[in-house]
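The task is simple: from the sequences and hints, build the whole structure.
Okay, so the sequence shown: first residue is -7 according to the numbering used here, each after it adds one.
One should not assume that every hint holds.
As the list claims (entries may be wrong) - Each computed DSS-like pair below joins lysine-lysine, with the alpha-carbon atoms no more than 30 Å apart: (1) Lys75 to Lys100; (2) Lys76 to Lys86; (3) Lys76 to Lys100; (4) Lys76 to Lys99; (5) Lys(-2) to Lys13; (6) Lys18 to Lys(-2); (7) Lys99 to Lys86.
Unchecked claim - Derived CB-CB ranges, DEER-like: (8) Leu24 to Asn92: 54 to 64 Å; (9) Asp78 to Asp46: 43 to 53 Å; (10) Ala(-1) to Gln53: 24 to 34 Å; (11) Ala56 to Leu24: 34 to 44 Å; (12) Glu36 to Tyr62: 26 to 36 Å.
Worth flagging that the hints you see were computed from the coordinates, not collected in a lab.
Idealized CB from N, CA, C, for every residue including glycine.
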Amino acid sequence: MTDQQKAEFIRLRIDEGCSLKTIAAKMNTDALTVVSWESELEPELYAHRRLYIDQQLHERQVDAAHRVDYLVDTYERMAAELKKRDFSGLPTDKLYFMLNDLFDVIKKAL
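Structure representation (structure tokens):
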């Protein structure tokens, strides 16, 4: 396999999400060859897949830093709302437990 074929295979498999059958047709080769390439390139495919996922999460602001910012903001809003309450009703209890659960999620995210 040439470097050009390798790059094309990775692009088709990861970036475009093509099946092995589609890749074989687009690269004018047989399916067994493509299966062999996938086995050979498994570590590189895994690395490219991880990079692709990380890029998608970052572009959509779903990465860890944005998630922690969102959780902390939500925690602060819930805490402010809880300060207004007099703890006399069930909704306050529910809010209190939600606040504790959110705090646990924030701790785990850090």
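Does the alpha-carbon distance linking Lys75 and Lys100 stay inside the 30 Å limit? holds (25 Å)
CA of Lys99 to CA of Lys86, is that 30 Å or under? holds (20 Å)
Just to be careful, I want the Cα atoms of Lys18 and Lys(-2) compared with a cutoff of 30 Å; is the pair within it? holds (13 Å)
Cβ separation of Ala56 and Leu24, checked against the hinted range 34 to 44 Å: holds (41 Å)
Please test the hint of 43 to 53 Å on the beta carbon pair from Asp78 and Asp46. holds (46 Å)
Kindly confirm whether 54 to 64 Å is satisfied by the beta carbon distance between Leu24 and Asn92. holds (56 Å)
Holds or violated: the 26 to 36 Å window for the beta-carbon distance between Glu36 and Tyr62? 33 Å Cβ-Cβ, so the 26 to 36 Å window holds.
Regarding Ala(-1) and Gln53, is the given constraint of 24 to 34 Å on their beta-carbon distance met? Holds - the Cβ-Cβ distance for Ala(-1) and Gln53, about 29 Å, lies within 24 to 34 Å.
Would the pair Lys(-2) and Lys13 pass a check requiring their Cα atoms to be no farther apart than 30 Å? holds (16 Å)
Run the distance test for Lys76 versus Lys99: straight-line Cα separation, threshold 30 Å. The hint holds at about 25 Å.
Taken at face value, is the distance from the CA of Lys86 to the CA of Lys76 at most 30 Å? Given that 30 Å is the threshold and the Cα spacing comes to 14 Å, the pair holds.
Hinted pair, alpha-carbon criterion (30 Å max): Lys76, Lys100. Please report holds or violated. With a Cα-Cα distance of about 28 Å, the restraint between Lys76 and Lys100 holds, given a limit of 30 Å.
Checked against the numbered hints above, the structure violates none of them.
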